[in-house]
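Participant: As they're listed, the protein sequences go chains A, B and C.
If you use numbering that gives the first Met the number 0, the first sequence corresponds to residues 0 to 742, in order.
If you use numbering that gives the first Met the number 0, the second sequence corresponds to residues 0 to 195, in order.
If you use numbering that gives the first Met the number 0, the third sequence corresponds to residues 0 to 345, in order.
Because the hints were derived from the structure by calculation, they are not lab data.
Bear in mind the structure is a predicted one, so any value in this text is a computation, not a measurement.
Just so you know, not all the hints are guaranteed correct.
As the list claims (entries may be wrong) - Okay, the calculated beta carbon distance ranges per label pair:
| id | chain 1 | residue 1 | chain 2 | residue 2 | range |
| --- | --- | --- | --- | --- | --- |
| 1 | C | Ser22 | B | Thr59 | 42 to 52 angstroms |
| 2 | A | Lys142 | C | Ile290 | 46 to 56 angstroms |
| 3 | A | Glu66 | C | Gly127 | 17 to 27 angstroms |
| 4 | C | Val42 | A | Asn138 | 25 to 35 angstroms |
| 5 | A | Arg585 | C | Glu324 | 56 to 66 angstroms |
| 6 | A | Ala137 | C | Gly127 | 27 to 37 angstroms |
| 7 | C | Glu53 | A | Asp490 | 24 to 34 angstroms |
| 8 | B | Glu162 | A | Ser690 | 38 to 48 angstroms |
| 9 | C | Thr286 | A | Asp383 | 38 to 48 angstroms |
| 10 | C | Gln132 | B | Glu162 | 39 to 49 angstroms |
| 11 | A | Val181 | C | Ile290 | 32 to 42 angstroms |
| 12 | A | Pro84 | C | Gln132 | 28 to 38 angstroms |
Said to hold, decoys possible - Short, incomplete list of chain A residues facing chain B, as computed with Cβ under 10 angstroms:
| id | residue |
| --- | --- |
| 13 | Asp24 |
| 14 | Glu27 |
| 15 | Ile46 |
| 16 | Glu106 |
| 17 | His193 |
| 18 | Gly245 |
| 19 | Phe252 |
| 20 | Thr277 |
| 21 | Gly470 |
| 22 | Arg585 |
| 23 | Glu634 |
| 24 | Glu666 |
| 25 | Leu667 |
| 26 | Asp669 |
| 27 | Ile678 |
Glycine included, each C-beta is placed from N, C-alpha and C at the ideal position.
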Amino acid sequence: MAEVDYRWPENHKMRWIGKRVDRLDGLEKSGGTAKYTYDVNLPNQLIVRGLGCPHAHCNVLAVDISEAEKVPGVVYIHRLNAPGPNDDPVEIRADGTLLVAVAAENEAAAAEGVSKVKVQYKLLDAFTADHDLQSAEANGRTKPAGGGIELDEALGEPGDDEDEEEWENKVMQHLFDTSAHVVEGEYGIDSITHCCLEPHGATVHWVDGKLKVYLSTQNVSQADDGFAGALEITADDVDVTCDYIGGGFGSKFQPNYWGIAAAEISKVTGRPVKFMLTRDQELKIAGNRPSGYIKVKLGADANGVVRVWDSLHWGTSGFNGSTVAVGNIPYVFRPKSFRRKATGIVTDNEPSVAWRAPNHPQACAITQTAYDDLAAKMGVDSLDIFLRNLENIDTPEKAPVYAEQLRIAADLINWRKHWHPHGKGKKSGAVVEGLGIGIHKWAGTANSSNCLLKIHADGGVESYCGTQDLGTGTRTVCAMVLAETFGLTLDEVKVNIGSSTYPFSGASGGSTTVGAVTESHRRAAQDALAKVLDLVAKKLDVSADILDAVGGKIVARDYSGKEMTWKQACSLIGIQPLEVNSSYARGTASPLSSENVAGCQMAHVAVDTETGQVKIKRMVAVQDMGLIINRKTAESQIYGAMIMSIAAALFEQRINDPKTGVFVNSELADYRLPRLGDIGNLVVHLHEPESERARGVIGLGEPPAISGCTAISNAVCNALGVRVPTIPLTPKRVLDALRTAKG
Amino acid sequence: MSQPTKGFSRRAFLRGSGVAAAASSVTSTQSASAAIVPVPIIAGETQVSLTVNGQKKTVTVEPRTTLLDTLRYQLNLTGAKPVSSDGSSGASTVLVDGKPVMASTTLTVAVSGKSISTCEGLKDGDIPKAFVSNDAQQCGFCTPGFVVAVKAFLNQHPDATEEQIRAGLNGNICRCGTYANVLQAVIALVKGNQNG
Amino acid sequence: MKNFEYAQPRTEQEAVALLADQSKHSVVLAGGTDLISLMKRSVITPDRVVNIAEISGLQRIQRDEHGSIWVGAAVSLQSFLESSYTTELAAAQQIIQGIASLQLQAQGTVVGELLRRPMCWYFRSGHGLLAQQGRMVVEGDNRYHAILGNRRSAKFVNPSRLAPALIAAGAFVRIIKPGNDERFLELESLYQTPDQDGQTENVLTQGELVTHVMIPAQRDRLSAAYEIRHGEGPDQPLVSAAVGIQAERGIVREATVVLGQVAPIPWMAVEAARNLVGQPLNEQTATTAGIEAVAGALPLSGNEYKIQLTQVAVKRAVLRAAGLECGGLECQPPLEQDHHSGPLMV
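In isolation and in its complexed conformation, chain A is listed as follows (with noise of 0.2 angstroms):
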């Protein structure tokens, strides 16, 4: 048999890929049968809650759980952040922390006996104002982030008798000297939580020694590894299930601590377990993005095109004080010469994880809004600024790609007919309009995955593959994938997702999986249906070059007019199965993905000046993402990044109290996301030239959800000839913009 050639069929071959498919799996989640973990009821299985400590700072000296051990229901009581009788003290460093675990007949009885739970706590001082550098640094808080300069090589180096530093410092004041436009500005992006509306959580049974395991996770390939780990026996004895999840964006990739507690409690007790977590225990624990806030000074030519950049930037992932990664500062454009420097802030807060595209919403919403900036100074149209300023971006190829998106996306918001300079526009009422401008990036590279395939003797077609549906619609594309190879209906092909117990696959996180599956499904089916040619081309006597697979027939190219049907090529593979199991490893160069993607954005808002309100009227997303699988659910999840970056840029915030530093907006009536009727008009544009299509698949969850804060911010400040600093546009803060502004 010829080595496989892998490649994807001619466009104008292709009968699956690139049209709009429903998702195969929508009847069971808009019908209200998809099985979640939290709806993954085992017999005789008890309810678990978690007590969250209610300070942001304590030590936790003593738990007292006599009263609730007597409620009726209680079960067992499972001691997670807590001391036991004789021990010393354990400190907390975020509201929420989960000190103590009760396991109970059902829900009612579990939050019953966790009312009862008594803690004496001794109060430390918390701090959690993290957008206050200087405060930081009187408390002590604060940690070095990491910087750097990187200067015009024109500019020559400093001479051997020369201080480093003071020559660039020199340097710098020199550019700046010399521009003829300088914006000084600070910028900011609060703390957001992720807020599945699916809480983090397990049910877990041991089953002959093993752990079968339902999670809520986008990592069902490793995260038997967790478990195994944690509880100390091998990832073999682990399965772990996740045939849907109810909200993914990068926190869910480990058991966390409640899920080894969930195991280790139904091990004790010796039935099924199911621990999930509260609605403000979910806020509050379970995953945030980090702040950042800037001061920025820019300098400019007579153009506008930014050739010097000096900025700090600070902010907080938590008790661990890290903030915005500097090395997307700033983001997307690179003057010849630019210096940049971050702070971390240590706050009382639960550590940050990766949150979509993690570092580029904010990298994003603190660079381009500085830009902006530069725009409204010089009363320049802002399209025209960052056109110019493509000349110096970080990744100078796109620079065309990023053209072409700009003018695309100018057409579908009218922006030539719209645009009007920052603070000019015609009121109405109270009401000014504006337009805004965000770029962005992303790699989008495919995860490692594999895909064993059964191509039983009946023409039945299944694959088995380790990985999971966030909304993605994985399991779609990988049918999508079957189908086009071996010329079958998507009805006729069986995908088997969410199971550790099938071939690794690679966690779902920064854009990979759909590049990732469809590596290893297309590899798998290539494989397979070149050892099915094999067999038919020996059984018609023609060579297995010339036979395609197409329309449910293997058919011969040659006008022989010699063909079988699928099924009949099937049955000459014999009673086992034809069994083929194909891998694609991350980073291995491909003819069927790729990698790096550029997008812009652009919104158009309405902004009422006497109360603050921002209203979405349109907003326009350009895109592109190499080749695209399923149109249908490839626009979807632009749709839903852009309504992200809506509730982002007008409405998520964590709120910590300034005494206390309690999360205290941690319900969902307090923490605000937009609802149906806040999202204006929404227009998505699949930019899909031959040159990008033709470089393979690549992901698409993050980079539409990067650069729509920012447009928003812009087309605010576009409205209002005022910045609105920090992100979100609330009105409270629209409102001290303006008055700021009045003086």
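Mind docking chains B and C on chain A? Use the hints.
Facilitator: Below, chains B and C without anything else, positioned relative to chain A:
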């Protein structure tokens, strides 16, 4: 307090023939005979009969057992989801005698004898299909609650305009951001076609 | 949730009898949208829950011989909205529509909405209504807290969205307790500002039941409400104002101005209302009413913006009542249908 003036005098209304007299006319419809049978006080477990998706069910609950827990743990109907304790997400929406309510803030004992429709009971109808063809779901966790809310919305507004849809479906939260697709699904349902 | 006894009376008399037992902490359940979530968080831990939703006498909306509308305590917001009665109650209609959650409208009751417990996050996380005599609020995050009536311990805001509109319409409540004892209160008198732990934000005593809210016939009286919301839907508005105005040949003869979300009680802006009398309704008088409505406001560390919002809400409510443009986002025409406004899926 505002000044009583011609045509609107609350104080006169209160003092004179107003409220008290009217009270008897409006509240006299109270049944006087009911006191004969004492009101049962339920403490501890009790049996409750309900009609769920057309089928008669009897469950054993405590007064504190929410309808959501009853559906999810006793009737294996897990379409309605526990998302917020305060009902602000709408994820636990079911129909009780045709009205959309949050099962998470409803006591099972309070809906004794009533007819409950859950998302599972609607699964063969047009709405879930329109959600699929317009891809109005990503992770899908909020979707069943949205489907039931749309059912209630369309019962009230079968010919809803886009503006009415945008104004009328704000009781449900989606975290993945499917609102644009939900809007399209409902527009398609109003038009009588479910094609995306 | 702590366990409790449950009873479902069939009449008002049965209900008050069940509520009267002084040895038990009893609460009234109607829609449950607020009560059950508070019980889940152990903010309220009653011994007995009395469900009045099945009392047929309380399920009705009726008009009496004086033209007053009687809304029973089991009537949902949705039923009230759909009844023909709200056509003469523009302010109330606007408020219920603005809640914009089908579920809350269908499940929540009119009277229950009037009696919702404060949303103050210190209260809801178990620190009591006063949250350490107000210290937690003053030193804490008070962006949504009171700017008026906040000089003593209470800093929370009354959460009812409907109360200002119904107070502006001159509504009363009927309250009963055992022994055929009934009393009528002007709706605004139902509320109080607690100053000591143990007091609540209303004057109801143990065993009392609000059976109806009664709204006098409005005849040609004008009304409007204006809520300033962060986003669409059921989340709490930032501030609101409701006005009821009797005008004759363009001149105000009588006015009531009530503010929501700004004080521990629905706030009667007496001065602003009085000064409207004798004036025409226009941008200038509306603006003046807004300014006067917040005279005496005392902002906390993080809520000064609510003063401006309140001024604007009053101004716009007055303009809206007069049928004039109020200039906010809702008055904007939808995005013009240019060549790109096809279906969303491009």
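Participant: Tell me the numbers of any earlier hints that the structure contravenes, in ascending order.
Facilitator: 1, 7, 19 and 22
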